[in-house]
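*Asks:* Take a look at the letters that make up each chain.
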Amino acid sequence: MKRWRYLLNKISWALFTIIFVIILNFFLFRILPGDPARAGVRDPRLTKENIEAIRVRYGLDKPIVNCFESLNPIKLGSCTVNPLDTQFFIYMGNLLQGDMMISFHTNRPVTEILSERLGNTILLIGAGQILAIIFGVLFGMFSAWKARTAIDYGSLTISLVAWSLPTFWLGVILLFWGSNHGMPIAGMSTPGMSSYPLLSQWGDIAKHMLLPTLTYTIVYMGEYMLIMRSSLLDVLSEDYILTAKAKGLSVFQILKDHAITNAMLPLVTIIAINLGFTVGGVIQIETVFSWPGLGMTTVEALNRRDFPVLQGAFLLIAVAVILSNLLADLAYSYLDPRVKTE
Amino acid sequence: MEAQIVKPTQATTRFQDFWGVFRKNYMGLVGLMMLVSAILVAIFAPVLSPYDPSSTFDVTTSDIYNPPSSTHWLGTDDAGQDVLTNFIFGARVSLTIGFFAAFISLAIGGVFGIIAGFYGGRTEEVLMRFTDIMLVIPDLPLMMVLIALTKPSIINIIIVIGALYWTTTARVVRSQTLAVKSRKFVLRARAIGAGKGHIIRHHILPLVLPILVVQAVLVVSSAVLAESTLSFLGLGDPTALSWGQMLNYAFGRGAMSTGAWWALVVPGFGIVWVVLGLTLLGQGLEQVLNPRLDTHHLMPSRPPVKSEAAKRSDEETLLEVKNLSINYVNDGHAPARAVENISFTLKKGELIGLVGESGCGKTTLMLGLLRLLPSAGQIVNGQVYFKDQELTALSETELNKVRWRGVSIVFQGAMNALNPVRTVGDQIAEAIIQHLPDFDSKNIPGRVTDLLELVGIAAEHKDQYPHQYSGGMRQRAMIAMALACNPEVVIADEPTTALDVMIQAQILELLDELRKKLGLAIVFVTHDLGVVAEMCDKVLVMYGGVTAEYAEVDTIYNMPRHPYTQELLKAFPDLTKPKKKLSSIPGYPPRLDALPSGCRFAPRCPAAFDRCRTEQPALHELAGDTHIVSCHLVEASK
Chain A
27 MKRWRYLLNK
37 ISWALFTIIF
47 VIILNFFLFR
57 ILPGDPARAG
67 VRDPRLTKEN
77 IEAIRVRYGL
87 DKPIVNCFES
97 LNPIKLGSCT
107 VNPLDTQFFI
117 YMGNLLQGDM
127 MISFHTNRPV
137 TEILSERLGN
147 TILLIGAGQI
157 LAIIFGVLFG
167 MFSAWKARTA
177 IDYGSLTISL
187 VAWSLPTFWL
197 GVILLFWGSN
207 HGMPIAGMST
217 PGMSSYPLLS
227 QWGDIAKHML
237 LPTLTYTIVY
247 MGEYMLIMRS
257 SLLDVLSEDY
267 ILTAKAKGLS
277 VFQILKDHAI
287 TNAMLPLVTI
297 IAINLGFTVG
307 GVIQIETVFS
317 WPGLGMTTVE
327 ALNRRDFPVL
337 QGAFLLIAVA
347 VILSNLLADL
357 AYSYLDPRVK
367 TE
Chain E
3 MEAQIVKPTQ
13 ATTRFQDFWG
23 VFRKNYMGLV
33 GLMMLVSAIL
43 VAIFAPVLSP
53 YDPSSTFDVT
63 TSDIYNPPSS
73 THWLGTDDAG
83 QDVLTNFIFG
93 ARVSLTIGFF
103 AAFISLAIGG
113 VFGIIAGFYG
123 GRTEEVLMRF
133 TDIMLVIPDL
143 PLMMVLIALT
153 KPSIINIIIV
163 IGALYWTTTA
173 RVVRSQTLAV
183 KSRKFVLRAR
193 AIGAGKGHII
203 RHHILPLVLP
213 ILVVQAVLVV
223 SSAVLAESTL
233 SFLGLGDPTA
243 LSWGQMLNYA
253 FGRGAMSTGA
263 WWALVVPGFG
273 IVWVVLGLTL
283 LGQGLEQVLN
293 PRLDTHHLMP
303 SRPPVKSEAA
313 KRSDEETLLE
323 VKNLSINYVN
333 DGHAPARAVE
343 NISFTLKKGE
353 LIGLVGESGC
363 GKTTLMLGLL
373 RLLPSAGQIV
383 NGQVYFKDQE
393 LTALSETELN
403 KVRWRGVSIV
413 FQGAMNALNP
423 VRTVGDQIAE
433 AIIQHLPDFD
443 SKNIPGRVTD
453 LLELVGIAAE
463 HKDQYPHQYS
473 GGMRQRAMIA
483 MALACNPEVV
493 IADEPTTALD
503 VMIQAQILEL
513 LDELRKKLGL
523 AIVFVTHDLG
533 VVAEMCDKVL
543 VMYGGVTAEY
553 AEVDTIYNMP
563 RHPYTQELLK
573 AFPDLTKPKK
583 KLSSIPGYPP
593 RLDALPSGCR
603 FAPRCPAAFD
613 RCRTEQPALH
623 ELAGDTHIVS
633 CHLVEASK
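Line by line, the protein sequences are chains A and E. Per the working numbering, the very first residue in the first sequence carries number 27; after that it's consecutive. Per the working numbering, the very first residue in the second sequence carries number 3; after that it's consecutive.
Simulated from the structure, these hints should not be mistaken for lab results. By construction, the Cβ of each residue, glycine as well, lies at the ideal position given by its N, Cα and C atoms. Any given hint could turn out to be false.
Here are the computed lysine to aspartate or glutamate pairs in the EDC-like style, where the Cα-Cα straight-line distance is at most 20 angstroms [as the list claims (entries may be wrong)]:
#, chain 1, residue 1, chain 2, residue 2
1, A, LYS36, E, ASP134
2, A, LYS172, E, ASP333
3, E, LYS464, A, ASP362
4, A, LYS282, E, ASP428
5, E, LYS349, E, ASP465
6, E, LYS403, A, ASP283
7, A, LYS172, E, GLU398
8, A, LYS28, E, ASP465
9, E, LYS464, A, GLU142
10, A, LYS36, E, GLU127
11, E, LYS26, E, GLU490
Examples of chain A residues toward chain E, derived with CB under 8 angstroms [what the hints assert, rightly or not]:
#, residue
12, PHE46
13, ILE49
14, PHE52
15, LEU186
16, PHE202
17, LYS271
18, VAL277
19, GLN310
20, VAL345
21, ILE348
22, LEU349
23, ASP362
Here chain E is said to cover these stretches of chain A; the calculated rule only asks that three of the stretch's residues, wherever they fall, bring their Cβ under 8 angstroms from a Cβ of chain E [stated by the list, open to error]:
#, stretch
24, 161-173
25, 253-263
26, 319-330
All chains should be modelled from the sequences, with the hints used to inform the complete structure.
*Replies:* Right, here's the structure in full:
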């Protein structure tokens, strides 16, 4: 029973956070300076009528919310308008139907653009995250097991350096190196590849993925290594490890059967919390390698002041991070029997 | 007058104490030097840089992306400017933004943390929930949106970074405030009616400050990284050439295609230098403020020192300990002699009591028997035999076959002696699988149930986790596990401390029963003489790591010869003489790193004379070799 209450608690908290983000996202773009319509279409030849037409098209002519005509500059309006006819509720209503307006720049629905790009980002994060976790955990384990030896100090130093590297700079350096060694320098596939058989198409994508994934792995591996090291050191000084040793288990058995699971518990939480920061790294990597994912979309939208896309991308990223945090909580409750049955 | 003189000295000593420890932390020291050098470069930029960064009038197209040369040591950039000059002046921009942004977020985080921790209740709830939300929202996208919607200027960048990087600080400061709040002097200050502002300023802030310093180091590095990232993404102040901005221009304006690596490497090096310096400094400070021992149970133990084998006793013994000595290596100091020259024998079905105050080496001796000592511990003399095997000479692999199969251990307190994430039944089965490979795997669950029932735990608890057990159940489960492979010797280290009296009695009864039923030999470590009198065959009284007295239980109770044994018995209630006054031994056992030069008990001994303080007594054998006493008085009367 306790477990269900725990899960319910976590789920409702995630929902609350998502609603908070949606509201923040809506008002952020209306409180801060810059008329969305004019910022999006910066053409001096536009007449007043044209601008008004654009405003009508994007629904910007409606009051933002009851009593407020606009928030920047603050202009009070009638409080008796139908709430369903305000920008806020139209936005919410559309969002519920999966509709996130139309891009200022390409005229395509934002949902369509984002769903196209989302998969590419997940591919990159997935590959990088898996590699970073594997190598980070392995190095961290080794380092903790061989604590206070040259191996430990060596991998500590490497991790700290890797941690201090700005993601985009590492990407730039790897890209520079790769471009001199025949690696593809931009995008996720060679143009014209679509006429080739599927297998060589995949090979092509893998080749394009190599450097971005490597960047991701190096940057996040160091952190996982440090966390794993300190977590495992804590576990290895617990009494039950001494029990396991007294039971005549080998070092390998003790690590495998008694230490790793326990040491992984904090890592699960941190990996999830990290996903928030990981998104920051992915934006940089995608920009450097022109990887057509959410991050690049965000930066492009930013440079074109394409607010609907920017707003949509931000919302999608935030929701994804909140959901992965929730997932971590659920995984934690599954891994740690103390949560499961208390 | 006096108080004024004392105060500054105290402050300096506190700083000197800190510096004394920090000085030896290479990681922190290197980090500090890296940071200071970067700050010096920023301050003395005009002196250090070879060119004036603002002069661009004589630049021609041929100056663009020139490789490093004698006129431009680090080459030129996309605008034909000297990279070294821009690098040096870039330090100013990057560091200024980093420090100011960090200052803002530390202020926000500090205030939130202190208010939440100090006031508690609803205020805390609201503030911390808000912090949680901010922690989940990905910060780079949010910063990008905020800056895109405002204007990319230095001030805006500082404000945005400062406004987003306070979450961790708020959490850390809150928990520190909570910890400080319940300390005595704060409670006292509240009791005498000190105002809240006063308490926060004078009592809480000084103790939160060290944590804020560590946080500051981390936040500055995050801020420097954030600024460079934003600039690289084209959201920096176009008029301020920070390292990130230099990279943005180089990357966006053809450094890649012209092969101008210097324009890409140099500014990045600056960022890495500052961030790495801050990271190292932060790690160093953390290590100094929260020192932790990087030791654990799997670190390789020191191999026993080979010593000449003493003659073994002729009897059929299961466990025989000969002149065993164990030291703890103490970096730079003389080793602590935790156990010295201990000998005893144990036969089938026998129960030996190992008695002494806390800190007299009982646990060390017990761990030493199976070579389970922590990495600083080392057997420096003597042997341990299990039947015909010399445990002190076996390899780790050979030893693993004796551990639990031949000799098993019931650990003290069993609270954490069971793995919290595996069921109790599973942990018992593990021992069987490990040591009895011929055991039919179908019968293992049955065997586990039998073992649990043997110690009075119902079968339905088999698949439960340790946290679902009560303290007494855990202790009994530990005993069940110790019996899983039918060992011949069980070492029980104070198996009943921290348990209530009823359960203590149950467990002792159980052990005694098993001894009679299975012919188990038991080494029973305890400081409870009542238990010893009731159950043991032999008693080894230890004091300060050495044998005080070793004899049959009757001899110990009726004819104790060592003053320590005598004093211990006086401290123990005798039911036949209920009116007798109980006495306790004044003083404390010796510290192992500062042992007295003579008899270790001499400082507390009521019968000590001059010789006791200078010469350590030998082990004297009385009544054949069945009664051993280490006391000068015995020699005198022999």
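*Asks:* All the hints need checking, so say for each whether the structure fits it.
*Replies:* Quick rundown of the hints versus the structure:
no. : hint                : result
1   : A:LYS36 - E:ASP134  : holds (12 angstroms)
2   : A:LYS172 - E:ASP333 : holds (19 angstroms)
3   : E:LYS464 - A:ASP362 : holds (18 angstroms)
4   : A:LYS282 - E:ASP428 : holds (15 angstroms)
5   : E:LYS349 - E:ASP465 : violated (36 angstroms)
6   : E:LYS403 - A:ASP283 : holds (18 angstroms)
7   : A:LYS172 - E:GLU398 : holds (17 angstroms)
8   : A:LYS28 - E:ASP465  : holds (19 angstroms)
9   : E:LYS464 - A:GLU142 : violated (52 angstroms)
10  : A:LYS36 - E:GLU127  : holds (16 angstroms)
11  : E:LYS26 - E:GLU490  : violated (50 angstroms)
12  : PHE46               : holds (6 angstroms)
13  : ILE49               : violated (11 angstroms)
14  : PHE52               : violated (12 angstroms)
15  : LEU186              : holds (6 angstroms)
16  : PHE202              : holds (6 angstroms)
17  : LYS271              : holds (6 angstroms)
18  : VAL277              : holds (6 angstroms)
19  : GLN310              : holds (6 angstroms)
20  : VAL345              : violated (10 angstroms)
21  : ILE348              : holds (5 angstroms)
22  : LEU349              : violated (10 angstroms)
23  : ASP362              : holds (6 angstroms)
24  : 161-173             : holds (count 3)
25  : 253-263             : holds (count 3)
26  : 319-330             : holds (count 4)
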